Amino acid sequence: MKVLVPIKQVIDANVRPRVKADGTGVDLANVKLSINPFCEIAVEEAIRLKEKGKASEIVVVSIGPAKAQEIIRSAYALGADRGLFVETEERVEPLAVAKVLQAIIAAEQPGLVILGKQAIDDDSNQTGQMLAGLLGWPQATFASKLEVDGDRATVTREVDGGLETLALTLPAIVTTDLRLNNPRYPTLPNIMKAKKKAIDVKKPEDFGIDITPRLKVLKVSEPPARKPGIKVASAEELVKDLKAAGVL
Amino acid sequence: MTTLLLADHDNATLGSATARALSAARELGADVHVLIAGSNAKPAAEAAAKLEGVAKVLLADDPSLDHQRAEPAAALVVALAKDYDAIVAPATSSGKNILPRAAALLDVMQISDIIKVVAPNTFERPIYAGNAIETVESTDTKKVITVRGAAFPAAKEGTAAAPIETVAVTPAESGSAFVSESLSKSDRPELTAARIVVSGGRALGSSEKFNEVLLPLADKLHAAVGASRAAVDAGYAPNDFQVGQTGKIVAPELYIAIGLSGAIQHLAGMKDSKVIVAINKDEDAPIVQIADYSLIGDLFTIIPELDKALG
Ligand SMILES: Cc1cc2nc3c(=O)[nH]c(=O)nc-3n(C[C@H](O)[C@H](O)[C@H](O)COP(=O)(O)OP(=O)(O)OC[C@H]3O[C@@H](n4cnc5c(N)ncnc54)[C@H](O)[C@@H]3O)c2cc1C
Chain W
30 MKVLVPIKQV IDANVRPRVK ADGTGVDLAN VKLSINPFCE IAVEEAIRLK EKGKASEIVV
90 VSIGPAKAQE IIRSAYALGA DRGLFVETEE RVEPLAVAKV LQAIIAAEQP GLVILGKQAI
150 DDDSNQTGQM LAGLLGWPQA TFASKLEVDG DRATVTREVD GGLETLALTL PAIVTTDLRL
210 NNPRYPTLPN IMKAKKKAID VKKPEDFGID ITPRLKVLKV SEPPARKPGI KVASAEELVK
270 DLKAAGVL
Chain L
261 MTTLLLADHD NATLGSATAR ALSAARELGA DVHVLIAGSN AKPAAEAAAK LEGVAKVLLA
321 DDPSLDHQRA EPAAALVVAL AKDYDAIVAP ATSSGKNILP RAAALLDVMQ ISDIIKVVAP
381 NTFERPIYAG NAIETVESTD TKKVITVRGA AFPAAKEGTA AAPIETVAVT PAESGSAFVS
441 ESLSKSDRPE LTAARIVVSG GRALGSSEKF NEVLLPLADK LHAAVGASRA AVDAGYAPND
501 FQVGQTGKIV APELYIAIGL SGAIQHLAGM KDSKVIVAIN KDEDAPIVQI ADYSLIGDLF
561 TIIPELDKAL G
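Protein chains in written order, with this note's numbering: chain W, 30 to 277; chain L, 261 to 571.
So here's chain W without its partners, still in its complex pose (with noise of 0.2 Å):
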């Protein structure tokens, strides 16, 4: 079975962003980047998948600016086999990457898809379901256990009152939570091997698709600051400022 790993680049997670000063955005020039933490969970699990002989290739998708190839590398590193890149200078919304990645995977023909449950930059929380919309397959998302068996998947989710357990026909479609695994260190040769392989990039335009964006971002601001707090000394006067604040 072939495995289908969409992935997306995003600020890295340990960078603090910084709304830029003219409220276009957030400031990505000379901002450390990096594979979407949730995506590298979705690599990750595609790999375990093939070293337990349930999967036979992983295909990574990344849809975004020349410079996101990087992470189709970072892909590689860890362990895909195969990747398509397509290249856009746009603003890309869920809803047109999930239109690409459908066109993508009619050609493809994988038999699972796993996709991050989020991106860390937009935090839409779109994009794997709508694929399944669009695709007409069956889908789990915010998954913290993934099994295959032959043309079954078992997946348990996290959802707002604890975990739901649910069982998917293949082809499908899951988004990867936190819990799911921990991702592996890519090793030096390996990232070494990275380096040469070959990437295959189209345009959103090769798929037919527009990419025009749906939403127009009137402004990005900073949200509102709090005012500064104070050290408290003891107990006992936490305990009265915190009457005296009214919320005791």
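Calculated directly from the structure, the hints in this document are not laboratory data. Just so you know, not all the hints are guaranteed correct.
[Stated by the list, open to error] Where chain W lies over chain L, by a calculated footprint (3+ residues, C-beta under 8 Å): (1) 324-338; (2) 397-405; (3) 493-504; (4) 529-535.
Note that the structure is a prediction, hence the values are computed from the model and not measured. Backbone N, C-alpha and C fix where the C-beta goes; we use that ideal spot for every residue, glycine too.
Using the hints provided, position chain L with the ligand relative to the given structure of chain W.
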């Protein structure tokens, strides 16, 4: 025209997230119909009918809609969509699971996790773990929106009950089946609805300590219990306790952060709390930087003292 609000419920009861999303839905300016998609879900429909500002409740009651699986629920939303200008759901795990699937089938770009309705087509939403707020205008004719509950007040019960109308469901092959669930049971308030939240981090060190130190304090304060990702990953607390960018978003009157550092991903889930207390041995921890009151020291000595001071 009208707004359709997809409710989050467990057939028997309606969560407060729906009442909060209702407040956002009403700000769109049109009548609001609440859709209860479930199985034996009449009690949830009756609870929705009582909420102030609901013009009508649609009850889709069918075994296929039990557990709110995404495939049948999204298909139902799509089937009903033609009569609505806007489709809204709370950004709960269920709303986040179902609504984008419906949005794609309607060829609409969803606006996720709104915190403010600026105009019926313009919304504010947090991005980058709440480190930036984006104002977006939707150019789609239909709007599909999920609502961050912490940003809106819960609608109250009104004086008259709205009518409940039954909608027909045509079950279809979905490719997914419910197997089992294991839900946390607790007499404490629900995390996203609690007035006070007591949250613990990695410093608690074990699930025994987490329970031994935090639960009596939470019970004394009638508080819900939260946790950082590190505490959940280490198994000190269940996953549904996680507060943060990728966990639950809370904005209680009082948030007490105990032995957690306040990474940006954690702050994303609680920094709109009215009053924040940090109990941490490191005065340079990020949580101390944003807290209203900080008590610096070892939590294992401070919490017993706090218990005593509370009487
Ligand atoms: C993609 C992604 C998503 C994430 N999502 C979330 C999320 O939703 N929620 C979340 O919380 N995190 C999230 N994280 C993780 C986050 O980055 C931090 O790693 C995590 O929040 C740290 O947990 P902590 O504060 O408990 O642990 P630490 O950062 O280790 O902090 C422990 C704190 O305890 C203090 N301490 C230690 N001993 C004592 C003592 N005896 N008494 C008092 N204080 C003590 C220390 O000074 C320190 O400040 C995410 C990370 C990534 C990459």
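_Violating hint indices (sorted, rising)_ = none
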